[in-house]
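Quick note, the sequences are listed as chains A and B, same order.
If you use the working numbering, the first sequence corresponds to residues 1 to 1520, in order.
If you use the working numbering, the second sequence corresponds to residues 1 to 350, in order.
A few of these clues could be false.
In silico EDC-like cross-links for lysine to aspartate or glutamate, where the CA-CA straight-line distance does not exceed 16 Å [what the hints assert, rightly or not]:
{"id": "1", "chain 1": "A", "residue 1": "53", "chain 2": "A", "residue 2": "117"}
{"id": "2", "chain 1": "B", "residue 1": "19", "chain 2": "A", "residue 2": "385"}
{"id": "3", "chain 1": "B", "residue 1": "19", "chain 2": "A", "residue 2": "325"}
{"id": "4", "chain 1": "B", "residue 1": "293", "chain 2": "A", "residue 2": "385"}
{"id": "5", "chain 1": "B", "residue 1": "81", "chain 2": "A", "residue 2": "325"}
Far from chain A, some chain B residues (derived; all Cβ distances over 12 Å) [what the hints assert, rightly or not]:
{"id": "6", "residue": "13"}
{"id": "7", "residue": "61"}
{"id": "8", "residue": "143"}
{"id": "9", "residue": "155"}
{"id": "10", "residue": "206"}
{"id": "11", "residue": "227"}
{"id": "12", "residue": "280"}
{"id": "13", "residue": "319"}
Quick caveat, the hints were computed from the structure, so don't treat them as lab data.
Note that CB positions come from ideal geometry on N, CA and C, so glycine has one too.
What follows is each chain in one-letter form.
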Amino acid sequence: MARDSEEDPKAAKRQRKRKQKENKTRTVHANILYDHAKGEENPNRHYANNKIKTTKYTVLSFLPKNLFEQFHRFANVYFVFIALLNFVPVVNAFQPELALAPVVFILSVTAIKDLWEDYRRHRSDNEINHMDCLVYCRVERRYVEKFWKEVRVGDFIRLRCNEILPADVLLLSSSDPDRLCHIETATLDGETNLKQRQVVRSFLDLDCDFDPLKYNGIIECEKPNNDLNRFRGYIVHRSGRRDALYKENLLLRGCTIRNTEDAVGIIIYAGHETKAMLNNNGPRYKRSKLERQMNVDVFWCVIILLVMCLFTAVGHGLWMFQYGDKRPVFDVLSPEGTDLSPVMSAIYLFLTMIIVFQVLIPISLFVSIEIVKICQVFFIHQDLDLYDEETDSNLQCRALNITEDLGQMQYIFSDKTGTLTENKMVFRRCTVAGVEYSHDANAKRLAMYQEMDSEEEECPSRGGTLPRRDSVGSHQSAKVVLRSQSTKSHRRTGSRAEAKRASILSKHTAFSSPMEKDITPDPQLLDKVNECGSQMDFMRFHSQPMSQLPSDLADVLDFFVALTICNTVVVSSPNQPRQKQQLLQPGHQPLLHPRLLSVLSSPSAESTLTKLDEEQNLQQAFSPVPPQYDGRPLSAAEGELRYEAESPDEAALVYAARAYKCSLVRMRFELKSPVKTIEDFIKRFTPSRLTSGSNSSSSSSLVTNRSFTRGCSSVLSSPSAESTLTKLDEEQNLQQAFSPVPPQYDGRPLSAVEGELRYEAESPDEAALVYAARAYKCSLVGRLPDQVTVELPHLGKLSFELLHTLGFDSTRKRMSVVVRHPLTDQITVYTKGADSAIMELIRPPDTGNSKGKRHKKILSRTQHFLNLYAADGLRTLCIAKKVLSKEQYACWLQRHLEAETAIQGREELLFESALRLETNLQLLGATGIEDRLQDGVPETIASLRQAGLQIWVLTGDKQETAVNIAYACKLLDPEEEILTLNADSQEACAVLLEESLHYIQAKFLCSSSEHTTTKSYHSNVSPFGIYTPPPPPSSCPPAPPAVHQLGLVIDGRTLAYALDRSLEDKFLAVAQSCRSVLCCRSTPLQKSMVVKLVRNKLKVMTLAIGDGANDVSMIQVADVGVGISGQEGMQAVMASDFALPRFRYLQKLLLVHGHWCYSRLANMILYFFYKNAMFVALIFWYQFYCGFSGSSMIDQWYLIFFNLMFSAFPQLITGTLDKDVSAETLQQLPQLYTNGQNSEEYKPYMFWMNMIDAFYQSLVCFFIPYFAYADSDVDLFTWGTPITSLALFTILVHLGIETKTWTRMNWLCISFSVSLFFTVALCYNAYCPTCFSPSNPYWSMQRLLQDPLFYLLCVITPAAALLPRYFYRACQGTLFPSPVQVGRQLDKLPAETRRNILSLSGVKMGLPLGPKPHFLSLGKTSFKGCNKKQQQQQQQRRGLQTDSDKELPSADKDTLPYTKDAAPPASKDCLDQTLDASSWITSTPLLSPSDGVQFPPDGDSFCVKYSRGSEDRLKSDQSS
Amino acid sequence: MGKVKPGPLSRRPDNSAFKQQRLPAWSPMLTANTVLPFFYFMALICMLLGVWLLLTVQSTQELKLDYTEAGTCDICFEKRKNVSNADQPCSCTVVLSIKKAFKGDVFFYYGLQNFHQNLRRYMDSRDDAQMVGRKNNLKSPSTYCLPFDKDKNGLPVAPCGAVANSIFNDSFTLRYMAPSGSVLVPLLRKGISWYTDKNIKYRNPSNGNMTLPQVFEGTGRPLYWQKPVYDLDPHDATNNGFINDDLIVWMREAAFPNFKKLYGVLYRANKPFVNGLPAGNYSVDISYNFPVKYFQGRKEVVLTTLTWFGGQNHFLPIAYLVTSCLILLIAVILTVAWCKFGKSGRNMEE
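Based on the sequences and whatever the hints tell you, model everything.
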């Protein structure tokens, strides 16, 4: 925030005043009104300029600031304090300069790292600051190139296509005929679809070039904020007119201009005040569980340190005291020659000891942990198994310091859509006007993809992929030929894998794999559509009113029109390959063909465009078509083509680029000059129409009536376009243009051309619907802010005048478009939304007449089909319409416009306005879209569950869909009972929870003895308390209590009640004893509340995984947030700690990397504590022999560098590379994950065990040399050096015992450490006889190496010191191996044997692993779910549909939800047979059938459904 | 992460053993099968070493005599209690008898008990730069020497510091009461310090042609010293100043409060000491100067022969033997446990 602050006090005062004034808003004037951008008079001078500076430091401030930041870490302060203490003569222990060395080393390493990072930031800042852009210069009266950093608020900036926006710009002018500007916001939110932005309303009517000199407005807008989706303000013209500004007018920094040749805007926010920069938050800092645990132990170390210091201090005092007044010769007086009292010297000694023992608080621990974590992150990044070829992305670790948390997860909270499923929507079925069209052929096609997929796996080198690949990239003319081939070969080779490949090629266009695009239409429906179309055509031809169409046919037509236009899909042309964005490096500004540019950008389109169509231009453009397209500078071609994408009604005839462009522009003008009176009326009110008045004057010569236009456009689309075009006076040009083309042109089927249109949708289900409609020849060919062009069978192209778009929001759960129907001229509202949202708004049919009866029938039948769809796990959407009379519309419009122009509370007003419109709808039909499960989801869930993870799915989808997906992904097991909680009120919810608790209690109390004898749960359960786990038997983990064969399904409303403070404990108690929990229809807030509740109340480690913006809050709340970098943009990824390309990678991430990271780090931390304690204790023991005077036999050099150098590297290598169990075994035996969950590698007692071991080892290391040298003439350092060496050996061998895998690196490192020690020691001892006073170990190492005694000690001391540990490890490994050790033993076996053992059964494995009950119970699941691979694969092949079909009995015909009992087929003996229904009924007296508890029909399968309340209306969240 | 490769799979990680964590590795299992052989092997090795060392140590001989108040020294002991008597010489004699002849090199040590040469402040109180012969430090000793850097007259002390100040200043003469009369046992009083100390670490200030007293002109002797530093060895002029062997030996601070320091080595050129010290009675004439009373110290003389790994110290062989036994015991326990209970573990593997 580098604001220029004037020295002048007057200015400062003014500034303050201004600040007060602009508290709420920011006022932007145009800079050109003032002399200098920074001048005294310029009102914009206080705003931040566009120079960005993300660096933290400057050259001068680096040292102080960096040090200051580093001292925020307490450890650093502590170490500096100790180092400084050394400078106090009374207490110093070491040479002060030397004592500074480690601290300086640590600080400088960090400082260098910071400096490097900052330098890189500086360089990238610099690069960004020096990018070019065109800014209007007042003096030169033109746009001049300026660096980004020179741009200021209030500047006029001219933006060319593919330029990146340097700041937040208010769009004032665009070369686009509709005054639009397309931007790509991928860098901001990761969404790859183009967004349209509009020129500020008052500048819409400028038909000539925007002239900055004529600009005289003053802009009032919000203060800079980070809300990307909001911008409010108004512009005040000199005339006093005010115009509101919306976010549609604002182009944000970082976005890229697309499809628009030229745009001009004024800068509103610059530099750090831009929304993009304000959204730039630093990386997240989290502290892992292990680290928290470690900090506790660091604290204990501090206490040990203080105790040791205190002990020696007191000892010294007493020692002094025993000599009384007579001082021995060896007791040196203070420097002043005075006596020190014992008390004083004890106090001094205390400080000295803190210095001497400082090693106990390991200075290198923090640094080492950081290094190890960085290495771990590196390895996780590098894992090939976590790399997704399809999207060319690998795992990203965004949080660097919580890798080990991955190994300790206990609860997983997963989103469903996009996380478990692909979020690639595939249209499956639909119902129109109460008739279901099952799309069997389509289902078969989808099944084929899957089969192909599995075949492809078997023979990956299958041919036939090449032509397709070509067809994507090559030019159209070639494509025409290829297209027919590829569509043929498509059936054969169009497997999913290929679809993936294709989607790699067209990476930037989302949602467009062939699987989603090519929908096989249902023949019945197709017939109807055709019939309808031809009838309409006929009727139009005979100018009969459209209302005479039979109502079912009309519904079909309306249905498809709604599918096609009721969305925000943007059409783009394939000839504008988006991959070309890569050209967009700074300095690579596309070279627009200058002539083209000048022509295109000139607004007086008519004259110029006719000129444009001059022969040579066209010839140039068209005669050598294919080579030109390839060989020419891409940008030029792009520029042209983009233009066409903009006006897609003509886009079908793409290749006639320029000639068409001309006509096209005119067509647009014609469209904008309506003559009917009612339209004038509307025009006055419709904001987007405000321009037409002036347009009509400017292009008066072209005024035609609307019907002509319509006819024109429809004719245009037909192959014989020439007739229309002749009217546009360009025959000869066109002939010229077409001469090389016609053969291709004629031979080409229309659909093939359209097939190349790409739809870019904000949500994939919109795209799915548009593609579905296209399969029925109702294709969307163009979308403009005020017009949608649709091609209908037989009718050709129709342009719907788009009056309003009421966008989707999660509260309304629907979106609407208001259009003028071109055939009936009626104002029609098409609404599309979640069934619950729509069904409520359907006009209640009046039962009087036949029409009403029909409606009623449609309503009930549609509801029935909706239930069916939901049961199949499809996402359902309802389509409805409403016809408005002109009066109604005018009435609504009036208020809507008021809402739109309101500045205060605009959102609310708009919301209400939308509600007013969306009433009394007429139901057209409903669609079922399948959201495919991602690959490997069931397997992943099964193995994660085996790993002891509780998996909760929190989804916004509705209950049936969610339940079915849950079954499909094996989250719910058909064999287990499902508790369904649906309550209408707080009280009902309380009762339900109570009942469920009783039920669980009663049921499983009886059966617990059968499951396993070691479990004894629920005896201590109080209705209000959380289950307190029974004291775990021997090695039983204190895991969540008793997870039963139970599934819990709860809906959003009930969840809201259950999350209430009074009920949350009960809810948790119920949820905890269920094996899986499914929360449907939950809002983002609820998701995060659930995670928070579980995390805080149960004190467990939680992981949240999701892919959409609605998962962000949940991801942020959880201990570890994982984002799926999938289809729904980057928001989840931005908020996450780890970003995965696919859900299934979670398995390896957690089971393998999590386990490794955790066990490595845990072992390393323990080792660190041990090492330091052991080393320090050596000195402590010595205090007993030196009168507690703080002298140490270990030379100060060794003491200081021991931790830092001599013993630092091996543990880093071990901490980075050690693998206790191989990755394969970890994945095959997910049970091993419990190791981390229960923190078995690092328990509090382990710290103390390690401490005790350290003290024992140091005793050995101290006293063996002590006695060996006792009673000899050994001097201090001759004796201390072997001790140091022995300690080093012992420590290294200790590490060796703890190291599980020895790679070359380990050997290398250990030998390096030893040789480093001896080299340093030898050099140090030979270097200088006087340099290192007071200690002076000259030549002692050399002497030592000649001493045989040293070598004798080297054998005995480590052996004796490590004997207990070694023995313990051997015993443990032999007699009571931990599961992990068993896993290691398995590793040792040859691969064949291992596989046999593992496939035998999980039960057998589980048994000897210790008395862990859930191993046992899970064993059965694993038997079914995981270990039988063939079975699994079969299931996978059968696919979702068959799965769900099989598992669900056919639904009955009732239309009400929930009466259908989704009970699985007869379950096997896994549940308690002895339990009969009466036993638990009696135990739950509250239950009565009227409460909604449904008894299972037969004793075999249990399925309990609780539901309360009369109307359980389903609400589905459309985009979860 | 390096350069970005072009192509569709540009971000694909390398499939190298290191990056995929598939480095070839040896993963030892700490189970009975692997550990037991090692245990038995270690036990055997330690046993053998222990026996060998024990036998070696048995061949050494050592004789210690606490002379603090022994023989006629009690008088001197009393005398030295009083600091005011420090200047008065006192000598006494103690008698010791050697039952069995000392074979080979015999080393004569003096020992002190309860003298904390390893006190931190004491140890630091020296100036190595002065001892190495730097003239600057000779005249202005390092602050480490405080308060023993200047004498009462304000002259810089050479050698400064508490260590030098408190030098052990008893001297011994060993006599062999041979049947033919008492023979002075010849002791080598030079070459008892480290070679590097004598030649590198301690140097007299370069004196050109000046004599030692001239070099040390302007320095005072340490407080407790009777003689100036250039007059430590009256018999050998080259053994004076900072390179006096006794001084050097003393300056090498002992590790423990009970220590011994080398006083001399038996000179075996002449009979009857060619093979070492013959059995018989010996007397030690002591010039008793060093006061130990006020720190409850003891003084002793030690005569000993050495083995290749040090003096007569039974600890190391015993440590080897004990460790060996422990390892053996543990190994047996483990074997038994393994045979009895370990079966289940093996079953599990199969």
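Results for each hint:
Restraint check: the Cα-Cα separation between residue 53(A) and residue 117(A) comes to about 13 Å, which is no more than 16 Å; the hinted pair holds. About 12 Å separates the Cα atoms of residue 19(B) and residue 385(A), which keeps this hinted pair within 16 Å; it holds. Proposed proximity of residue 19(B) and residue 325(A) is contradicted: the alpha carbons are some 69 Å apart, above 16 Å. Among the hinted pairs, residue 293(B) with residue 385(A) is inconsistent with the structure: their alpha-carbon atoms are about 78 Å apart, more than 16 Å.
Note on residue 81(B) and residue 325(A): the hinted pairing holds, with a Cα-Cα distance of about 14 Å set against a maximum of 16 Å. At the 12 Å boundary, the C-beta of residue 13(B) falls inside the reach of chain A, the nearest C-beta of that chain being 4 Å off. Remark: the non-interface label on residue 61(B) is consistent with the geometry, its nearest Cβ contact in chain A lying 14 Å away (cut-off 12 Å). The non-interface label for residue 143(B) is inconsistent with chain A: the shortest C-beta to C-beta separation is roughly 7 Å, within 12 Å.
Look at residue 155(B): its CB is around 16 Å from the nearest CB on chain A, clear of 12 Å, so calling it non-interface holds up. Residue 206(B), annotated as away from the interface, keeps every beta carbon of chain A farther than 12 Å; the closest lies near 15 Å. With a least beta-carbon separation of about 17 Å from chain A, residue 227(B) lies farther than 12 Å from that chain, consistent with its non-interface assignment. A cut-off of 12 Å between C-beta atoms confirms that residue 280(B) is not in contact with chain A; the least separation is 25 Å.
Some Cβ of chain A comes within 12 Å of the Cβ of residue 319(B); the nearest lies about 6 Å off, and the non-interface call is violated.
Of the numbered hints given earlier, the model fails hints 3, 4, 6, 8 and 13; all others are met.
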